[in-house]
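Engineer: Just so you know, the sequences run in chain order A and L.
Sequential numbering of the first sequence, starting at 1, is according to our numbering.
Sequential numbering of the second sequence, starting at 1001, is according to our numbering.
A couple of the hints might just be wrong.
[As the list claims (entries may be wrong)] Some residues of chain A that are not near chain L, with every Cβ distance over 12 Å (derived):
# : residue
1 : D179
2 : G184
3 : D216
4 : E270
[Said to hold, decoys possible] A partial selection of chain A residues facing chain L, derived with a Cβ cut-off under 7 Å:
#  : residue
5  : A76
6  : P79
7  : R84
8  : V87
9  : V88
10 : A91
11 : H92
12 : E123
13 : P126
14 : D130
15 : P132
16 : I135
17 : A139
18 : R142
19 : A146
[Claimed, not checked] One-sided excerpt, in silico: chain A residues whose CB lies under 7 Å from chain L:
#  : residue
20 : A83
21 : D124
22 : L150
23 : L286
Because the hints were derived from the structure by calculation, they are not lab data.
The beta carbon of each residue, even a glycine, is placed where N, CA and C say it ideally should be.
There are 2 protein chains.
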Amino acid sequence: MRVLVTGAAGFLGRHVANHLLTQGHAVTGFDLARGGHPDIRWIQGDLGDFGSVDAAVVGHDVICHIGAVGDVYLAAEQPELAARANVVGCAHIGRAGASHRARVVYASTWEVYGSPRYEPIDEDHPCDPDHPYSITKLAGERMLIAADRLHDVPVLALRLGTSYGSGLRPNSVFRIFIDKARRGDPITIQGDGAQGRQFTHASDIARAFVLACTSDLRRRTLNIVAPVTISIKELAEAVVARYPTELSFGSPRPGDVAPALVSAERAAHELGWRAEMDFESGFSELMDAH
Amino acid sequence: MRVLVTGAAGFLGRHVANHLLTQGHAVTGFDLARGGHPDIRWIQGDLGDFGSVDAAVVGHDVICHIGAVGDVYLAAEQPELAARANVVGCAHIGRAGASHRARVVYASTWEVYGSPRYEPIDEDHPCDPDHPYSITKLAGERMLIAADRLHDVPVLALRLGTSYGSGLRPNSVFRIFIDKARRGDPITIQGDGAQGRQFTHASDIARAFVLACTSDLRRRTLNIVAPVTISIKELAEAVVARYPTELSFGSPRPGDVAPALVSAERAAHELGWRAEMDFESGFSELMDAH
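For reference, chain A alone in the conformation it holds in the complex (with noise of 0.2 Å):
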């Protein structure tokens, strides 16, 4: 298949693109940024411009969209980029899909969720959220959807857990508590630690990518989440274990989201799709790469 990656600069896309590669796939990459890998076709492009998007995807089967501001806090701090990245960005992408044949496959992320009214959550389960990441990740989400209904482009929806592996951006927890510990630095855990993440590993989430590329599964949502739930506090002791360190709490950091436990089944029996990485030995496999 030729699949187009948006968002091939970033740590997700990469992976999912070499995945692909991995596969067999023609794949080409699409970011703002510039891009070097000599197997990948590069776009330079902006999602928030119609035209670049609607040129880059002519000749695509499939396009995984993964582009966006997926940093919470820059998403926080200007939510009108986050909107036009995420909601206008998957505008453009339905609307290009539509017009060129191609199916999508969409990174949503579990946080659209909210509040969990029951656990564990599966896709059915209302979606109210309250950040602009969350909430424009989901607008996104419900654009493409609409477009499959509207203007039939085959959109299933791949809602993540928080991922990891490796080429983490430096501002997510792992790269800030490894980094710290290996400067001898003291880590800080934002609040008391306890609220847990299921931490999902990048070659999970790009299998589940490439699987959704040849399935024929559209108009859905599918939770991408390892069963698995590591608390922050665990996070910070593994990484202390390895590079000995001072651990200390401090006060919650305002917008982090509230854990919730999420389910996959539906992915398990839909799509084939299991995690197969356990948290030990992708953690291992995270340290031995820094």
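We have chain A already, so just place chain L on it with the hints.
Structural biologist: For chain L alone, kept in the frame of chain A given last:
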């Protein structure tokens, strides 16, 4: 109070601006279109351009944020336009409101709820919109409520019923029926006409905005919907009773929103608002105005 009304050249914006004037408030209109009203200062500007929004907000106590892509058919055809005006626009309004300490009263819509999970729908009902219009209106509402929480700008969102009154858009169902009947052309109902709407008169909506401007309620949503449901068939029959013409039935229009019974009890208790215009009077007034 000094009130900025966005979308002041539109149907609802005009009603709200006029009612604010009669209540002794100083009104500034903001719209893409040029406007003309001797008692209203006018600023021509674009919600998608932060500079023009920010400059317009200076010196106002309240923003009645009504400007939007409000035409559902336009939103379906050009979802990126709806995303820009309705989501990026709200992000700009929230940011400007925070900068200049202005309260925001937002024109949301009952259509944000999507298919009812229970009826009557109150403000705690989950929101699951599926059309680019309602998706972007809800995202805008949530961006503003998030701005209240993150940046301390007081926001009250009014989820308005389907509005009617003098000056309706030519492609509203009222105007289409009335204009056809007056010309003696047949009226075609899309579907069986059994679907109803809680048509809410613009004068009642304008009253709700004025109450909301002077209220302290914030970080909240309130349904502003008249209690009586009128079916499309009843509406058509009322028009035909005034201007006799042929009445026929066609296939449903894709993207039309299914009806749902919405309760405005909370607005009665918390804002002291109830619809005062009964449909017969409002309809007669509208017919006389044409």
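Engineer: Tell me if H92 (chain A) is really an interface residue toward chain L, meaning its C-beta lies closer than 7 Å to one of theirs.
Structural biologist: holds, 6 Å
Engineer: Does the interface hint hold: is R142 (chain A) within less than 7 Å of chain L, judged Cβ to Cβ?
Structural biologist: holds, 4 Å
Engineer: Do the numbers back the hint for R84 (chain A), that is, is its least Cβ distance to chain L under 7 Å?
Structural biologist: holds, 5 Å
Engineer: Closer than 7 Å between Cβ atoms is the bar; does P132 (chain A) clear it against chain L? Give me holds or violated.
Structural biologist: With a minimum Cβ separation of about 5 Å from chain L (threshold 7 Å), the hint on P132 (chain A) holds.
Engineer: Against chain L, with CB atoms and a cut of 7 Å, does the hint on L286 (chain A) hold up?
Structural biologist: This hint is violated: L286 (chain A) lies away from chain L, its Cβ roughly 31 Å from the closest one there, beyond 7 Å.
Engineer: Is it correct that the beta-carbon of G184 (chain A) has no partner in chain L closer than or equal to 12 Å?
Structural biologist: holds, 34 Å
Engineer: Grab the minimum beta-carbon distance between E270 (chain A) and chain L and tell me whether it stays above 12 Å.
Structural biologist: Non-interface label stands for E270 (chain A): nearest chain L Cβ at 20 Å, farther than 12 Å.
Engineer: Let's test the interface hint: is any C-beta of chain L closer than 7 Å to that of A83 (chain A)?
Structural biologist: Holds, about 4 Å.
Engineer: Would the stated hint for A139 (chain A) survive a check requiring a Cβ distance to chain L of less than 7 Å?
Structural biologist: holds, 4 Å
Engineer: Hint check: is the beta carbon of V88 (chain A) less than 7 Å from a beta carbon of chain L?
Structural biologist: Where the cut-off is 7 Å and the nearest Cβ of chain L is about 4 Å from V88 (chain A), the hint holds.
Engineer: For the hint on P126 (chain A), just tell me whether its beta-carbon gets within less than 7 Å of chain L.
Structural biologist: Holds, because the Cβ-Cβ distance from P126 (chain A) to chain L comes to roughly 3 Å (cut-off 7 Å).
Engineer: Would you settle whether the hint for D130 (chain A) is holds or violated, based on the nearest Cβ-Cβ distance to chain L being less than 7 Å?
Structural biologist: holds, 6 Å
In this structure, the hints that do not hold are numbers 12, 21 and 23, in rising order.
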